[in-house]
Amino acid sequence: MHGRSEGGAGMGTCPLLLIFSNFSLNFQLKKSQNSVLLRVTQYEIKNYKIIQILYEKYLSKIWTILIINRVLTHNHTTNEAHKRIIKTWQNHWDSIPASNKPRNIKKTVSKRAYPENTSRREQIIINRSRIGHSHITRSYLITKEPHPSCDICKTLFTMTHHYGLPQILNNALYVNKKKEKKKKTAPFDHLTKLIWLMFQSGFILNL
11 MHGRSEGGAG MGTCPLLLIF SNFSLNFQLK KSQNSVLLRV TQYEIKNYKI
61 IQILYEKYLS KIWTILIINR VLTHNHTTNE AHKRIIKTWQ NHWDSIPASN
111 KPRNIKKTVS KRAYPENTSR REQIIINRSR IGHSHITRSY LITKEPHPSC
161 DICKTLFTMT HHYGLPQILN NALYVNKKKE KKKKTAPFDH LTKLIWLMFQ
211 SGFILNL
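Residue numbers (my numbering): 11 to 217.
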């Protein structure tokens with residue numbers, strides 16, 4: 011690629027691709043009368059030997075893998091490797107059928123977000139709520155009772171159902187009308203209140 015002249019000296023620009031462990035950067039070579047300057051996005055190579063090798067590769071039209079020290083730092087290579095691993099993992103995760111429960115619950119392999127200043131115990135409660143485990147929906151397994159149903163729509167209680175019908179959580183949270191006189195679904199202790207507040211804010215199931 012031929013450039014225009016500048017100041018009486020021939021000035022040419024060309025793109026050169028540096029590949030370092032499958033990591034690519036776009037380079038610009040500039041030729042002046044006495045030297046070849048190499049400018050890199052966010053970098054500038056000052057080693058004349060490296061510049062000379064790059065320019066010779068360009069002149070000979072040899073596109074090869076160039077491994078050059080001090081062009082990419084350790085952090086750049088590790089960050090790029092991490093991104094590629096996450097991308098591969100995400101592609102594999104996406105290939106799993108949506109009918110798979112963990113896959114349906116968590117759409118991405120990235121870390122979950124939590125409200126600020128939450129304790130470890132509170133994070134555990136949030137995770138259990140996300141996968142559908144709570145006293146409201148699982149206590150019947152311990153008491154050997156029938157699966158609780160919704161008083162309003164007569165469907166089975168699930169965490170997703172609670173999230174879709176927040177007005178249920180604003181009520182007294184009775185298991186069903188038959189047991190209304192006996193007890194509520196769960197005592198309003200600290201854990202139940204936390205789940206309740208999370209549902210009201212729409213945070214738990216916010217993927």
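Since the hints were made in silico from the structure, they are not lab data.
Possibly wrong hints are sitting among the right ones.
[Stated by the list, open to error] With a straight-line cut-off of 25 angstroms between C-alpha atoms, the simulated BS3-like cross-links for lysine-lysine are: (1) K117 - K154; (2) K121 - K154; (3) K164 - K154; (4) K116 - K97; (5) K111 - K121; (6) K93 - K116; (7) K97 - K111; (8) K97 - K117; (9) K164 - K111; (10) K116 - K154.
Practice problem: Below or equal to 25 angstroms on CA atoms is what counts here, so check K116 against K154. | Solution: Violated: K116 and K154 sit about 30 angstroms apart, past 25 angstroms.
Quiz item: Keeping to a limit of 25 angstroms between CA atoms, is the pair of K111 and K121 held or broken?
Solution: 18 angstroms, holds
Self-check item: 25 angstroms Cα cutoff - pair K164, K154
Solution: Since the Cα atoms of K164 and K154 sit roughly 20 angstroms apart, the hinted pair holds (cutoff 25 angstroms).
Quiz item: Going straight from one Cα to the other, do K93 and K116 come out at no more than 25 angstroms?
Solution: Between K93 and K116 the Cα gap is close to 19 angstroms, so the pair holds against 25 angstroms.
Exercise. With a cut-off of 25 angstroms on the C-alpha distance, tell me whether K117 and K154 pass.
Key: Between K117 and K154 the Cα gap is close to 33 angstroms, so the pair fails against 25 angstroms, i.e. violated.
Exercise. Could you grab the alpha-carbon distance between K116 and K97 and see if it respects the 25 angstroms cut-off?
Key: 16 angstroms, holds
Practice problem: Compare the distance between the alpha carbons of K121 and K154 with 25 angstroms, and conclude whether the hinted pair is satisfied. | Solution: Roughly 36 angstroms separates the two Cα atoms, so the pair is violated.
Self-check item: 25 angstroms Cα cutoff - pair K97, K111
Solution: 21 angstroms, holds
Exercise. Below or equal to 25 angstroms on CA atoms is what counts here, so check K164 against K111.
Key: Holds, at about 23 angstroms.
Quiz item: Is the Cα-Cα distance between K97 and K117 25 angstroms or less?
Solution: Status holds; Cα separation ~13 angstroms.
In this structure, the hints that do not hold are numbers 1, 2, 10, in rising order.
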